Amino acid sequence: MARSKDKPAPAPAAPVVNSQDVIQKYQQLCVSLDSLANAAHVASYAAGQYMQANFPDFKPGDQTFFGGTLARAGAVAAAVARAASLVPEAAEEEAAEDGNAPKRRKRTKTTTPKDPNAPKKPLTAYFAFAKAARQEVVQELSGASNKEITEELATRW
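In full-length UniProt numbering, the protein residues as written are 1 to 157.
What the hints contain is simulated information worked out from the structure, not anything from laboratory work.
Predicted model only: the values in this text are computed from it and were never measured.
Note that CB positions come from ideal geometry on N, CA and C, so glycine has one too.
Hints are supplied without guarantee of correctness; some may be wrong.
Here are the simulated DSS-like pairs of lysine-lysine, each with C-alpha atoms no more than 25 angstroms apart in a straight line [to be verified]: (1) Lys147 - Lys131; (2) Lys131 - Lys121; (3) Lys106 - Lys120.
Just the calculated beta-carbon pair ranges, DEER-fashion [as the list claims (entries may be wrong)]: (4) Thr108 - Ala133: 42 to 48 angstroms; (5) Val42 - Pro10: 54 to 60 angstroms; (6) His41 - Thr124: 51 to 57 angstroms; (7) Ala39 - Pro116: 51 to 57 angstroms; (8) Pro8 - Gln28: 38 to 44 angstroms; (9) Thr108 - Ser145: 42 to 48 angstroms.
Put together the whole structure using the sequences plus the hints.
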């Protein structure tokens, strides 16, 4: 293949990046993520307190919020009752109908219970030898530790 006599076009110049701008944007991102995390923590705490609260005189149409009535209180109560009555599969289907992605449950590994009367694995050749020869080695090396006895059995094997 013949080379053309034209010189290749020069590469475009790399954009100039001010390192101070990058650092400033990174710090702004960190601060905003931290404030979001704090807000999520406060919201979860408030939700927990609300779920534990006891409202004995609660009637959906009678509640007021800053002087105005909660017009949707009946709809909210009906939605809460409907959501509470759903089984998990139906809740997933309803979430999909709303346009949100359905939540998927993690699959759990099913394990079969072990039979206590099941036969045990047979001893390997080394362990069968060690079981038979241990008494002999203990008599020969009286006062030896278990480690020394095991080492002697390994050398005899």
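A range of 54 to 60 angstroms was offered for this pair. Does it hold for the Cβ distance of Val42 and Pro10? holds, 55 angstroms
Does the alpha-carbon distance linking Lys131 and Lys121 stay inside the 25 angstroms limit? With a Cα-Cα distance of about 15 angstroms, the restraint between Lys131 and Lys121 holds, given a limit of 25 angstroms.
Taking the Cβ atom of Thr108 and the Cβ atom of Ser145, is their distance within the range 42 to 48 angstroms? holds, 46 angstroms
Could you see if the CB distance from Thr108 to Ala133 stays within 42 to 48 angstroms? holds, 47 angstroms
Given a hint of 51 to 57 angstroms, does the C-beta separation of Ala39 and Pro116 actually sit inside it? holds, 53 angstroms
Range hint 38 to 44 angstroms (beta carbons of Pro8 and Gln28) holds or violated: Holds, since Pro8 and Gln28 (Cβ atoms, about 41 angstroms apart) stay within the stated range.
Determine whether the Cβ-Cβ distance between His41 and Thr124 falls within the hinted range of 51 to 57 angstroms. Check passed, 56 angstroms falls within 51 to 57 angstroms.
For the pair supplied as a hint, Lys106 and Lys120, confirm whether the alpha-carbon distance does not exceed 25 angstroms. Not OK: Lys106 and Lys120 at ~34 angstroms, beyond 25 angstroms, violated.
Between the alpha carbons of Lys147 and Lys131, is the straight-line distance 25 angstroms or under? Distance ~15 angstroms between Lys147 and Lys131 Cα, so the pair holds.
Checked against the numbered hints above, the structure violates only hint 3.
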